[in-house]
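In the order they appear, the protein sequences are chains A and B.
Okay, so the first sequence: first residue is 0 according to numbering that gives the first Met the number 0, each after it adds one.
Okay, so the second sequence: first residue is 0 according to numbering that gives the first Met the number 0, each after it adds one.
Treat the hints with care, as some may be off.
Copies of the same chain look alike in the list, so a pair counts if it works inside one copy or between any two.
[Stated by the list, open to error] The calculated BS3-like cross-link candidates involving lysine-lysine, where the alpha carbons are at most 30 Å apart (straight line), are: (1) K17 to K78; (2) K4 to K312; (3) K7 to K39; (4) K283 to K316; (5) K258 to K312; (6) K283 to K258; (7) K316 to K278; (8) K261 to K283; (9) K316 to K39; (10) K232 to K209; (11) K312 to K278; (12) K283 to K77; (13) K203 to K78; (14) K203 to K238; (15) K278 to K261; (16) K316 to K77; (17) K312 to K232.
Calculated directly from the structure, the hints in this document are not laboratory data.
Keep in mind that this is a model prediction, so the values were computed, not measured.
2 protein chains.
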Amino acid sequence: MNAAKVDKIVSEVLVGNKRYIARAISMLENESSQAAEIIKGLYPHCGRAHVIGITGPPGAGKSTMVGALVNQFRQSDKKCGIILIDPSSPFTGGAILGDRIRMPEHTTDKGVFIRSMGTRGSLGGLALATRDTVKVLDAAGYDLIIIETVGIGQAETDIVQTADTVVVVSVPGLGDHIQTLKAGVMEIADIFAVNKADTDGASKTVRELKLMIELSNYPAAERPPVIPVSSLKNEGIDKLAGSILELHSQALESGRFEKRRKEQLAIELNEIIRWQLIKRINSKISQHELDVSINELYLHQITPHETAHNILKSLLKGDE
Amino acid sequence: MNAAKVDKIVSEVLVGNKRYIARAISMLENESSQAAEIIKGLYPHCGRAHVIGITGPPGAGKSTMVGALVNQFRQSDKKCGIILIDPSSPFTGGAILGDRIRMPEHTTDKGVFIRSMGTRGSLGGLALATRDTVKVLDAAGYDLIIIETVGIGQAETDIVQTADTVVVVSVPGLGDHIQTLKAGVMEIADIFAVNKADTDGASKTVRELKLMIELSNYPAAERPPVIPVSSLKNEGIDKLAGSILELHSQALESGRFEKRRKEQLAIELNEIIRWQLIKRINSKISQHELDVSINELYLHQITPHETAHNILKSLLKGDE
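Construct the complete structure from the given sequences, taking the supplied hints into account.
Below you can see the structure in the form of structure tokens.
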């Protein structure tokens, strides 16, 4: 592909052509050699979108909630990009059927773009691929970009932390979940949504969450609201949507938005450097050289630290 | 500390002086500037120990099992080094009380060395710190080095894979556990131990594990045995200990030991390179320079890929 084709993709993404948006994302996922050029063309047009992360345990009804939220946002004509992350799934962009099944009412809406991402192709890590997908959708003019992750492990936490506003979804009856929240997801939430609020135990879950928030390290002014919703009955969704937008406005004014984006950029930069360096090492050191080194290590003729030092010395400038 | 002191530590570790062994491990954990020199002094004396990884879900009774195994191994006068890993714990070498509580009968045995490791200090990652601790204990003459990890997440899997023989511990009644095994721990097991074999449901757990192994991708000759044990009643422990040693003998003869060690060395080398590089970048690029770059990124004046490229260009040799 030549520069003219990159220009074509960039200009079509910028006018919101969905076919080219999908194509650009696939190229980024597949580590196309043009990926960096595409991002370069799009990046100056980024920065307008509000990125919303939605996470929670399996069975919390996240997809239904995202569907209901999108309905709500569409009423005020906001364009919505949705990125569905399933790190355990080998399916990515090709999973059109999956998207359709999960969000049938939005697939024909021109103001909505849905994309599934799994592990395939994202050699540089799913978090990096997600960040680049956000850039494409941002440049394409989507006002709100919703990242929905399945599960609440480290990978999901990393991904959801690329968002401006993070919604952690709970449901009544997942006893261990509150425990899990304590362990690490607690501090990433800007908003807690308690889904299935029409079922038994919902008010108990709300109370427990509020208590946990009080006992936690949140500054008083930044304590996340706990919002009960019923996605199926569409109750509380307007309040949740309003809270998401309101928190974002506050963050823009207070400087929290800028601070968080800059922290995220530092993390992204670190990840890209590591990833580019691994590629560089692989291109500079042959498998044969590596095998010889590994054999020396196995025979305890040299330490791993010394071998690492020698490899870096052959790559890095300076007198180390 | 000067070279003479490093020499002293190395020579005292080599004769098995526990005080110096503990000191050497602390220096490695704390990324002492002498760490690489200490490893260099010890590494030629490594390679004799048999490293055993023991993992399983919380509540599976791993510590009791390790205690019983050590008793068994001590009967044939094998020196045992035990590394207790708890990634969620902030306590490390200092957690002597914890060690004593967990394995009271071994703390006065001269042929046993126990060390707890948590997250503190292990900046280069707990897996790297564990590998270096294994080197110290190996050089100090411990015949068997047992790494016990709490939990079965990715961090624990990474750590336990630094072992020659991996024992995955199950117990009856943890319904979800078998499910979790399927998801990722399954393929790292050389041996399955079903603990609390005197309780209800143990034979069902054994059957389920055997079925799962049959359905899995293990080559017929490498299918892990499933061994029921009762650590508290000391039943089956002799069989488990025998199986661990027998598998190791087979692996030494068949070349599996060498193959696995070399794979582990490649992973270790990769991790050390990444870690050394991050340190190098931090020492070459000032916080001010980084802040300026992050601000340019925030203003969308340059893409993260370009900034990463520029930083690497300033560090790496060649014409990229």
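State the violated hints by number, sorted upward, taking the hints as numbered earlier in the document.
Checked against the structure, the hints that fail are numbers 12, 13, 16, 17, while the rest are satisfied.
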